[in-house]
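Number of protein chains: 2
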Amino acid sequence: MSVTHISPGDIERTNMEIIAEGLARMGVVLSEKNEAVVKRVIHATADFDFARTLDFTPSAVERGIAALHRGAAIITDTNMIMAGLSRPSMEKLDCAAHSYMADEDVAHMAKERGVTRAAVSMERAAAEHPGGIFVIGNAPTALLRLEELIQDGLRPALVIGVPVGFVNVVESKERLLETALACGVPAILSMGRKGGSTVAAAICNALLYTAAGTLDPARRGWG
Amino acid sequence: MSVTHISPGDIERTNMEIIAEGLARMGVVLSEKNEAVVKRVIHATADFDFARTLDFTPSAVERGIAALHRGAAIITDTNMIMAGLSRPSMEKLDCAAHSYMADEDVAHMAKERGVTRAAVSMERAAAEHPGGIFVIGNAPTALLRLEELIQDGLRPALVIGVPVGFVNVVESKERLLETALACGVPAILSMGRKGGSTVAAAICNALLYTAAGTLDPARRGWG
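Keeping their order, the protein sequence lines are chains E and Y. Every position in the first sequence, counted from 1, becomes a number in our numbering once 185 is added. Every position in the second sequence, counted from 1, becomes a number in our numbering once 185 is added.
Careful: at least some of the hints might be erroneous.
Just a sample of chain Y residues kept apart from chain E, beta carbon distances all over 10 Å, derived [as the list claims (entries may be wrong)]:
(1) R237
(2) S244
(3) A258
(4) A281
(5) D288
(6) E289
(7) D290
(8) M294
With a cut-off of at most 20 Å between alpha-carbon atoms, the simulated EDC-like pairs for lysine to aspartate or glutamate come out as follows [stated by the list, open to error]:
(9) E:K296 / Y:D195
(10) Y:K296 / E:E197
(11) E:K296 / E:E308
(12) E:K296 / Y:E197
These stretches of chain Y come out as covered by chain E in the derived footprint (C-beta under 8 Å, 3 or more residues) [to be verified]:
(13) 192–198
(14) 228–236
(15) 259–273
(16) 341–352
(17) 374–387
Don't read these hints as lab results, they were simulated from the structure. All figures in this text were calculated on a predicted structure; none of them were measured in a lab. For glycine and all other residues, C-beta sits at the position ideal for the given N, C-alpha and C.
Build the full structure now, drawing on both the sequences and the hints.
Next comes the structure, spelled out in structure tokens:
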């Protein structure tokens, strides 16, 4: 029998078993609430570092799921994240994803003010969807601008902050975490340099799968 | 001055300087031909492991760039990779990207035969674009099926093989490498468990940037 004759369900189960064994060998015990998110990120990266670097503010997972149950908008800073989100779950939850990075007027304003498009796109998103789920997988300047907007009163439903790289990245996550804790904004962050679009999509999908699986259609219509 | 007031060009340069310093500290010396690819992957992941795990068959980079100069089709196994490819470079090179993973008849045939959609999508891609650039960032079964097709005579312009995970992943890359070397098929692979859509897109973009920057329009029209 060819090795290509394996059902996707079996591959998924075996992957998850190997991840659980790896975590046990590391001595990492995950809280029940955060477990699905951490495992989905390791599944998407094969990088166990994330078991130690993912950081959750209190109730971030529950509040993210509650926001998805309400049909909150999902804002991303890359088209890759948008392409990686679970469409069936989003349709079931009636959630839409948006990115303002490629908008011409965002590019124009960024050039005029000498800031990044990512920073301007956060301002646009904050104006359009102030209670949305903000998913930042690439640009630290998006996370830094979002932190300033939270200081100024913005209250997103959840911030998933996992930019990647070497310039401003560590600092952007530390600032966001501090401000999120101070302002009571739920946040899930990958502390340190690592992150990226696959990590961002994996975190968001873990929440989407749980939210879609626990949606009560009777409550949704009158909620 | 706010930290969001940094030009994207400055961020890019500083990122690349830090990556060069990191590689120097590791004692890694990259060949001039492969350097841009390795640095772009580390830039996209902040993970220096890739400096040791990326493997290139002889002339893989040059042959990939030559294929892009000819306008070769790019086949991907995820929509995330497609979303991450440099559109301006592809337009300049007149290259199009395709993915057959979401096709309904691919899903139907996979179910009927008890194999993965990824495996069937490779058969479809091999029939439509036998001389294409195959970019596998997710499914080891896609890479395993592609290896069988190469054994049977398929000669893609380049295979970028960077699936991620714990089941069949290491084995799929080792098999592909062996067969690629035996059959003279150019390949770029991330040996081991790590990889993913961001890694796949980063490798492809490194080639796209170089190819678009070295395109001779006078030759292209009559090439």
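Outcome of the hint check:
Non-interface call for Y:R237 relative to chain E: holds, since the shortest CB-CB distance, roughly 14 Å, exceeds 10 Å. At roughly 28 Å from the closest C-beta of chain E, the C-beta of Y:S244 stays outside 10 Å, upholding its exclusion from the interface. Annotated as non-interface, Y:A258 keeps its C-beta farther than 10 Å from every C-beta of chain E; the closest such distance is 19 Å. The claim that Y:A281 lies off the interface holds: its Cβ sits roughly 17 Å from the closest Cβ of chain E, which is beyond the 10 Å cut-off.
Once the 10 Å rule is applied to beta carbons, Y:D288 is consistent with being away from chain E; the minimum gap is 15 Å. With a least beta-carbon separation of about 14 Å from chain E, Y:E289 lies farther than 10 Å from that chain, consistent with its non-interface assignment. With a least CB separation of 18 Å from chain E, Y:D290 remains clear of the 10 Å interface cut-off, as annotated. Against chain E, the non-interface label of Y:M294 holds: every CB pair exceeds 10 Å, the least being about 13 Å.
Straight-line distance between C-alpha atoms of E:K296 and Y:D195 comes to about 14 Å, which keeps the hinted pair within the 20 Å bound. About 17 Å separates the Cα atoms of Y:K296 and E:E197, which keeps this hinted pair within 20 Å; it holds. Annotation: proposed proximity of E:K296 to E:E308 holds, straight-line Cα distance about 15 Å (limit 20 Å). Our distance criterion of 20 Å between C-alpha atoms is met by E:K296 and Y:E197, whose separation comes to about 17 Å.
Beta-carbon proximity to chain E at under 8 Å applies to 3 residues in the region 192–198 of chain Y; the threshold of 3 is reached and the given coverage holds. Counting residues of the region 228–236 of chain Y whose CB lies closer than 8 Å to any CB of chain E gives 5, so the stated coverage by that chain holds, three being the minimum. Counting residues of the region 259–273 of chain Y whose CB lies closer than 8 Å to any CB of chain E gives 6, which reaches the minimum of 3, so the coverage claim holds. With 4 residues having a Cβ less than 8 Å from any Cβ of chain E, the region 341–352 of chain Y passes the three-residue criterion, so the hint holds.
A stretch counts as covered by a chain when three or more of its residues have a beta carbon under 8 Å from one of that chain; for the region 374–387 of chain Y and chain E the count is 8, and the coverage holds.
This entry satisfies every hint, going by the numbered hints stated previously.
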